[in-house]
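A.B. asks: Counting in the working numbering, the sequence shown runs from 32 upward without gaps.
These aren't lab readings, by the way, just hints derived from the structure by calculation. Treat each hint with caution, since some may be false.
[As the list claims (entries may be wrong)] Using 27 Å as the maximum straight-line C-alpha spacing, the simulated DSSO-like pairs for lysine-lysine come out as follows: (1) Lys-405 x Lys-89; (2) Lys-99 x Lys-185; (3) Lys-346 x Lys-321; (4) Lys-115 x Lys-89.
[As the list claims (entries may be wrong)] Distance windows between CB atoms, simulated: (5) Ala-551 x Pro-371: 40 to 46 Å; (6) Asp-742 x Glu-137: 26 to 32 Å; (7) Ser-101 x Asp-204: 23 to 29 Å.
Here the structure is a predicted model, which means the values were calculated and not measured. From the three backbone atoms N, C-alpha and C, an ideal C-beta is built for every residue, glycine too.
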Amino acid sequence: MSDPGVPTPTGAIQAQPPQHWEADVLLLDGGTAHIRPIQPEDARALEEFYARVSDRSKYYRFFAPRPKLSARELALFTRVDHTKRIAFVLELAGLIIAVGRFDVVEPGEAEVAFLVEDRHQGRGIAQILLEHLAQAGRERGVRRFTADVLPDNKRMIATFEAAGYQVMGGVEDGVMTLGFDIDPTTTALGVMQDREHRAEAAAIAQFLAARSVAVIGASRRKDSIGEALVRNLVAGDFRGRVYVVNPAAESMRGLPAYASVVEIPDEVDLAIVAVPAEAVQDVVLDCAAKGVKGLVVISSGFAETGDEGRQRQRKLVGLARSYGLRIIGPNCLGVINTDPMVSINASLSRTMPARGRAGFFCQSGALGSAILDKVNARGLGLSTFVSAGNRADVSGNDLLQYWEEDESTEVVLLYMESMGNPRKFSRIARRVSRTKPIVAVRAGRTTQGVPMGHQVRTSTTPPGAVDAMFRQAGVIQVDTLEEMFDVAQVLAHQPMPAGRRVAIVGNSDAIGLLARDAAASSGLVISQQTDLGASASAADFEAALLQATESDDVDAVVAVWIPPLNASAAGPATALATVARKSSKPIVSTFLGEKGVPSQLRVADVDGGAAGRGSVPSYPAVESAVRALAHAVDYAVWRRLPQHEVAELQVAPEVARSLVDQVVEPGSRGRNLDYAESRDLLAAYGITLWPSVAVDTVEDAIAAGSDLGWDVVLKATADRFRQRPDLVHSWRQIRDATEMQHAWAMLRGRVEQPDEAAFVVQPTAPQGVPVSISAEEDALFGPVISFGIAGPVSELLGDRSWRIPPLSVNDARAMTREIKGSPMLFGYRGSDIADVDAVEDLLLRVARLKNDLPQVHSIVLPLVLAGREGASVLASSIRVQPVTDARVDWFTRRLNPLPGDTLH
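Please put together the full structure from these sequences, using the hints given.
C.D. replies: Here is the structure:
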């Protein structure tokens, strides 16, 4: 629907900007701000902003003294057409703190300029404005920016150079003119993602490294939420200052009470909020006035309660961000940092976990306390713990950014009840997993259910695709919390395995057999098995363990010790602990049937934590020990793969984009491409679509066969005939007009409703294994690509592999090999080996096409013949349509949008 717009100073109509141009953004120091297109109503605010800017900054912007803006200039700057003249303002606490704009000077080229309020310079604001202006420019057909800068304006020159673009420039008449293409290059995207990482990590550090905490809603009533928060902070030996806010009290636990956070005489880094939901917004305003950096909202009564609470939650987050604050929660348990220099337990849990190497993120407040109890019972220990509750703002993605750089965290544990932005999670997790293992439990894995309070977009992607995304990112996905802790014990205390070869050493033949079966079913290879018998001594046990760990044929050891009656476990425990301390290979055990890290098998931690490196984890069941080890082995194998090896593909995305733009009309619902359009689109990505001529009559079919040089196929291509196993819809090896007449008559007699059969004539293709490739746009995941053997059997059994673009070479290789039907590609029962390299190349090209062009809603290659040499694409079905939810967050940093679905 067209918008009448508003008149510009010249009387022209000003179009309304796209909604996605407005967003909350995160600055380099972890604070938030709001970016949006400028409007005529901003004239007064712009004038006030300009008055706060220093004369020096004004001079750098206009190259001459300009103390104030005239009424004409204010009108000119605030009235833009959002097409050839675009401007964004950045707001904080209702005030404009920066302006960025561009004006098209010739087709495809625009001049860009910025002005940032002096006290906010150095926060990465100009870079954010540049990112959003560049994206808006690309959407309006601008491909190049120029900027006039004074040579001594080093900060602005550095902004352009640091953006990752190829900046060229020269000096004329004392002014430096810079120019650069704004295509999102790999370098530019890398720079943007690095800034995103720094900003999100800084935001989390404000919570976990706070030096002063105010508990708002503190209470003297025993066992109340407010009383528990203060008690846990004090009992946890917090190294900073604790302030209590309660207008009805003078003191609490020996601490003075304040009526409001504003009355606290010192700085406050973090506020823990435990007031009724209706009062939380007032608390946000007080905290903003005080300069608080972050809020942990323990209070319930938000999205988990229904529509009214959901609206209250959106208003809460919007208000907090507008004042530069981030929120953990609401409806959460709180946060913990066991660093002895911080020692903060800003949560409802009485349990302060021991110092450890694992960082834990969960969403459920109810499960949080149980999780902490399990951690302590196992002797695991944590570095940090965050319960995000409804995760209205801060999410697991933010924690991944923080933990990537946190030297205290070596293992990441995630309990995920929903995923707001799985595409971003995949991108971050791929990077983090290269240095730190991530172990995840995903609730609702089969049903894809979402708890109350968690809003996510509806996804049509099957569970198998989500599992594939985790594998693609190197994430260790397990089914239960118990299994998560099983795996964490190996990763936190033992070395990384070098391979799949396992030795089993123990004094129980029966348990050794169980271990052998479990290893075989988990993909491990038994290279040694030593059964010492029930009469074995501690010395025998130690000798066998040493032999196993020192063998070149062993990568890991499973140790089993079940003591005979009335025998002491001290000797075997010492033997196992001694060998483990010296070994560079991981050892897991079933020792006395204990769970966790038994005290006898612990190595003292240099930082005073629960258990040090070299401690041996124990499992009540040997199968659990083997499965945990197998997960560690799979992760180690993944980590040794080349880091996201990207194929060098000769593609022409601009040509493809132009083709799509000619088909997609604003306001239309989109349509399927015809053969010629599909052929040209695929050709832009180096994919050859097999010749195909649509025919309505026998005369058309004869003419098509002649034009194609005969040896052709006549077939019906209507949807109801696709992948028919009886091949009733096709007639092969037609060599002349007589055979075509016969084939035409026979096929029309066979098929139902022949006038709607959509007959085509094609050259006969080389023989090969029939495979299919599809890529679709999912509302939650973005582009998703899948692969499988073509045909109804694979479809019925769900035998397909899935990935989230962008694809690496290794991703494509895995896709062709992990389906159950993969032997058909590799010479099954004496058949020809298919050109799998050609199939993988095709996968990479389809993934690249779908990743580049969100307007391509779906692309299906239902029949590809993988022959001995090459892969022939016999058919395609491609649908294009206008993008209603542009994937612009690829090229601009933004926090989750508040109206509607959450995405963060």
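A.B. asks: Name the hints, by number, that the structure is in violation of.
C.D. replies: Violated hints: 1, 6; rest satisfied.
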